[in-house]
Amino acid sequence: MHKYTVLVATTLLALAGCQQESGQPPSAPSQTAQPQTAQAPSDQVTAAVSNPAISVTPGTLQNCDGSVATVHWDASKAGASTASTEIWVGSSNADAKLFSAGGNTGEAKTDAWTRPGTHFFLKNKEDGKELGQVVVGGPACQQP
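Residue numbering for the sequence shown follows my numbering, starting at -19 and increasing by one per position.
Treat the hints as calculated values from the structure; they're not laboratory data. Please note: incorrect hints may appear among the correct ones.
Claimed, not checked - In silico lysine-lysine, DSS-like type, Cα no more than 30 Å apart, as pairs:
1) LYS77 with LYS109
2) LYS109 with LYS57
3) LYS89 with LYS109
4) LYS89 with LYS57
5) LYS77 with LYS105
6) LYS57 with LYS105
7) LYS57 with LYS77
8) LYS105 with LYS89
9) LYS77 with LYS89
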């Protein structure tokens, strides 16, 4: 009788291990689950434009290598009727340096020094008033 019990127990264990899958797909997520909003990692610089008077192409860079970028501006989109503008570049308005000067509209190409976090400021040359700014996005980079 002991051999019969061992044989039955072994057979049941073998059958339990060979059980077929039910063929039903895994259960779907709950209908009440809320989608999660994607958040930029803290080591990213978010591309930002204060208004459509100034833009930069490309607006976001993939790495911290210096890249060529083109700054475009149209002071009339900021409500300014100035004939002369300036583009300043820096990490803030306080430490910005003159990059380009031109008319009410224009564009200027940088050399390969633009990195994520670079700020460009459009100013009215006549009164120094800021008309807009743009920040290049991408990974957070160490200052050179």
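**Message:** Hints numbered earlier in the text: which of these fail when held up against the supplied structure?
**Reply:** none
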